[in-house]
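K.L.:
Sequence:
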Amino acid sequence: MHPALYWIRRDLRLADNPALHAAARSGRAVIPVYIHAPAEAGDWAPGNASNWWLHHSLRAMADALAAHGLPLIIREGDSLGALMDLVAETGAEAVHWNRLYEPARIASDTRVKQGLKAEGIDAHSHNAALLHEPWTIQTGTGGDYKAFTPFWRACRRQPEPAPPLGVPADLATTDGAHGLTGSVVPSAGITAPLDALDLLPPSDSAEGLQSTWRPGEQGAHDRLEGFLEMALAEYREGRERPAVAGTSRLSPHLHHGEISPRQIWQAVQAQLARHGAEGDRLDSAEMFLSEIGWREFAQHVLYHHPEFPDEPLNPRFADFPWQEDPGDQLLGAWQRGETGIPLVDAGMRELYTTGWMHNRIRMVVGSFLVKNLRLPWQAGEAWFWDKLVDADLASNSLGWQWVAGSGADAAPYFRVFNPIRQGERFDAEGAYIAHWLPALAGLPAKHRQAPWQAPAGVLRDAGVTLGVNYSHPLVDLKESRQAALAAFEQIKKGA
1 MHPALYWIRR DLRLADNPAL HAAARSGRAV IPVYIHAPAE AGDWAPGNAS NWWLHHSLRA
61 MADALAAHGL PLIIREGDSL GALMDLVAET GAEAVHWNRL YEPARIASDT RVKQGLKAEG
121 IDAHSHNAAL LHEPWTIQTG TGGDYKAFTP FWRACRRQPE PAPPLGVPAD LATTDGAHGL
181 TGSVVPSAGI TAPLDALDLL PPSDSAEGLQ STWRPGEQGA HDRLEGFLEM ALAEYREGRE
241 RPAVAGTSRL SPHLHHGEIS PRQIWQAVQA QLARHGAEGD RLDSAEMFLS EIGWREFAQH
301 VLYHHPEFPD EPLNPRFADF PWQEDPGDQL LGAWQRGETG IPLVDAGMRE LYTTGWMHNR
361 IRMVVGSFLV KNLRLPWQAG EAWFWDKLVD ADLASNSLGW QWVAGSGADA APYFRVFNPI
421 RQGERFDAEG AYIAHWLPAL AGLPAKHRQA PWQAPAGVLR DAGVTLGVNY SHPLVDLKES
481 RQAALAAFEQ IKKGA
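Counting from 1, position 200 in the sequence shown corresponds to residue 200 in the UniProt record's numbering; the numbering is continuous, with no gaps.
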């Protein structure tokens, strides 16, 4: 039989991979191909941190495929053109891939499917990324959901997710019946090496990423296993503490498709079956699964509102009176973690170093940017997009519009996170601050949240000199909160 192309995108795993499974099950030789086409993401081509992750995840995927006797073919350029070239080179008669849901990707995939079918090629797309695709969950009137809770209730009324697929058994053979023979493998001379994609940032920028993460399917499952054993039972409380390992940190693995929601769902159910599905353990498990639901909700909102990454869902916020910021001085201080507000600065240093930020801290730094500095949420969204290893267009947009008060199921605009109170509540000992801001580590815990309020002698004994080794506050928290609320009243009156 003529071979089938398995077109890899953000589905960098062998197990529970519907496109790979379908290609293998067809009885054809399977040719895995990754096509590097960032332009097809429109205005949202992956940022530096995402590209770092992609490089290492592709390396892991290539090694996993090689263990089954399959090479990973890498090409660059227009996806349809590259696929048609491979069809001509290999005689392939089918192409399988897993769907993506960003507006630009949907448009590109539609063009690819139409182009392949016009040439008589079987073209099949599959769902590998979601429990429920965005169009399958509808309100009673057939519309889309604007609030998470009813959306998630509707999801939970659906049948339980199907068991995840295993690694296709057909991949284990290289006898020519299902595996590749030399006659169908594209020649090495026309296969781009991974390094040629130039995905890696400068080495000094990657040090923190390298020491924090292990991209790849095995790394994803190791992280899930560790979370289930060590943190799931206390997740409901532990997820709020940025100084402890209380969250799964699976978001970058999910975004790049190294693990699927169905695999996570099944693993949680198995954990409950082993240790008991009751009390605090059950509550924590339900809370964790609802975070998978938030990811689904984000994709639902983006699918139904493709303008969501750029424009406020609530149109009256289009006229919000943002503060002028000549030379991006305020924005730059926020980006560098030099606002003089320790919990905010600690979060921004964590982001810059590790490519990740605790969710509680994401809300705090987002609120500070949008409400205390009164800078557009799109500026924060763009910075996160470049710096996060889990930079997902739907989730990033949902998060920023949530904190801005302009999006789906958003926090009310009058809710302004006070970084001092948030620190006292969720980092009472200041351990998170001390870790990411070592200049403040010598301060007593009660002064780490607001060092400008500490007595001069305490600062001196701790070696802290405001304006020298730690910044003065960029704004007064109370005054800037009042200014934000006054700005909100302006757009309320104009509604």
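Hints were generated in silico from the structure; no laboratory data involved.
Hints may contain errors.
Said to hold, decoys possible - Using C-beta positions, here's what the derived DEER-type ranges look like:
1. Asp195 / Ala441: 48 to 58 Å
2. Gly120 / Asp204: 24 to 34 Å
3. Asp144 / Asp204: 24 to 34 Å
4. Asp204 / Leu485: 34 to 44 Å
5. Ala270 / Pro444: 42 to 52 Å
6. Arg156 / Trp135: 29 to 39 Å
7. Gly467 / Trp135: 51 to 61 Å
Claimed, not checked - List time: in silico DSSO-like cross-link candidates among lysine-lysine, alpha-carbon distance up to 30 Å:
8. Lys492 / Lys478
9. Lys446 / Lys146
10. Lys446 / Lys478
11. Lys146 / Lys492
Beta carbons: idealized from backbone N, C-alpha and C, even for Gly.
K.L.:
Is Lys446 within 30 Å of Lys478, Cα to Cα?
P.N.:
holds, 20 Å
K.L.:
Using the beta carbons of Gly120 and Asp204, state whether their distance is inside 24 to 34 Å or not.
P.N.:
violated, 51 Å
K.L.:
CA of Lys492 to CA of Lys478, is that 30 Å or under?
P.N.:
holds, 21 Å
K.L.:
Hinted pair, alpha-carbon criterion (30 Å max): Lys446, Lys146. Please report holds or violated.
P.N.:
Judged against 30 Å, a Cα distance of about 40 Å means the pair is violated.
K.L.:
Quick check on a hinted range of 29 to 39 Å for Arg156 and Trp135, using CB atoms only.
P.N.:
violated, 18 Å
K.L.:
Is the straight-line distance between the alpha-carbon of Lys146 and that of Lys492 30 Å or less?
P.N.:
holds, 20 Å
K.L.:
Quick check on a hinted range of 34 to 44 Å for Asp204 and Leu485, using CB atoms only.
P.N.:
About 42 Å separates the Cβ atoms of Asp204 and Leu485, which means 34 to 44 Å holds.
K.L.:
Per the hint of 42 to 52 Å, is the separation of the Cβ atoms of Ala270 and Pro444 within bounds?
P.N.:
Holds: the Cβ-Cβ distance is about 45 Å, inside 42 to 52 Å.
K.L.:
Taking 51 to 61 Å as the hint, is the beta-carbon distance of Gly467 and Trp135 inside that range?
P.N.:
Holds, since Gly467 and Trp135 (Cβ atoms, about 55 Å apart) stay within the stated range.
K.L.:
That 24 to 34 Å hint for Asp144 and Asp204 (C-beta), does it hold up?
P.N.:
Hint violated: Cβ distance 44 Å, outside 24 to 34 Å.
K.L.:
So does Asp195 sit 48 to 58 Å from Ala441, Cβ to Cβ?
P.N.:
Roughly 40 Å apart at Cβ, these two residues miss the hinted range, so it is violated.
The earlier numbered hints that this structure contradicts are 1, 2, 3, 6, 9.
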